[in-house]
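Construct the complete structure from the given sequences, taking the supplied hints into account.
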Amino acid sequence: MDDSRPIFMQIAERIEDDIVEGRLPEETQVPSTNQFAAFYQINPATAAKGVNQLVDQGILYKKRGIGMFVSAGARVVLLEKRKLRFYEQYVVTMIREAGKLGITREQLTEMIKKGDQPS
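One point on numbering: in our numbering, the residue at position 115 of the sequence shown is 1503, and numbering is uninterrupted.
The hints are simulated quantities; they were obtained by calculation from the structure and are not laboratory data.
A virtual CB, placed ideally from N, CA and C, is assigned to each residue, including glycine.
Some clues are possibly wrong.
Unchecked claim - Okay, the calculated beta carbon distance ranges per label pair: (1) G1503 to E1476: 14 to 22 Å; (2) Q1505 to T1416: 45 to 53 Å; (3) A1486 to D1390: 23 to 31 Å; (4) K1450 to A1486: 42 to 50 Å; (5) G1503 to P1432: 40 to 48 Å; (6) R1470 to G1503: 14 to 22 Å; (7) M1482 to G1410: 23 to 31 Å; (8) L1472 to L1496: 16 to 24 Å; (9) V1443 to G1490: 44 to 52 Å; (10) I1454 to V1480: 21 to 29 Å.
In structure tokens form, the structure reads like this:
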């Protein structure tokens, strides 16, 4: 766990990571809030807040009396969300900084290609 961000957000991000990376396929059950609480040694209400955040986003759904499950299409939704965040956080920022430094689009493209080559 990272002390700089709320624990419930970290729980939600770990579940998202597991979905994106295929460890939690669609329609499979996710660990219970009590399991998260025990594993991370946190309050069950904190774990529930992270899980419920994903329910509110439609990434997880509740089967009454059984538990939480990964929604159909959740992986695609998460990939699109992360691609947009990547674009906004890295690509736009990189282009702005390149402009400040006088780096042309062509030079930036060459830098990206060079960075993609094995060392």
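Going through the hints against the structure:
1. G1503 to E1476: 14 to 22 Å: The hinted range 14 to 22 Å holds for G1503 and E1476, with Cβ atoms some 20 Å apart.
2. Q1505 to T1416: 45 to 53 Å: At roughly 38 Å between Cβ atoms, T1416 and Q1505 fall outside 45 to 53 Å, so the hint is violated.
3. A1486 to D1390: 23 to 31 Å: For A1486 and D1390 the Cβ distance comes to about 30 Å; the hint holds.
4. K1450 to A1486: 42 to 50 Å: Since K1450 and A1486 have Cβ atoms about 46 Å apart, the given range 42 to 50 Å holds.
5. G1503 to P1432: 40 to 48 Å: holds, 44 Å
6. R1470 to G1503: 14 to 22 Å: Hint holds: Cβ distance 20 Å, inside 14 to 22 Å.
7. M1482 to G1410: 23 to 31 Å: Cβ of M1482 to Cβ of G1410: about 28 Å, so the range 23 to 31 Å holds.
8. L1472 to L1496: 16 to 24 Å: holds, 21 Å
9. V1443 to G1490: 44 to 52 Å: Since V1443 and G1490 have Cβ atoms about 48 Å apart, the given range 44 to 52 Å holds.
10. I1454 to V1480: 21 to 29 Å: Distance hint for I1454, V1480 is violated at roughly 42 Å.
When held up to the earlier numbered hints, the structure conflicts with 2, 10 and fits the remainder.
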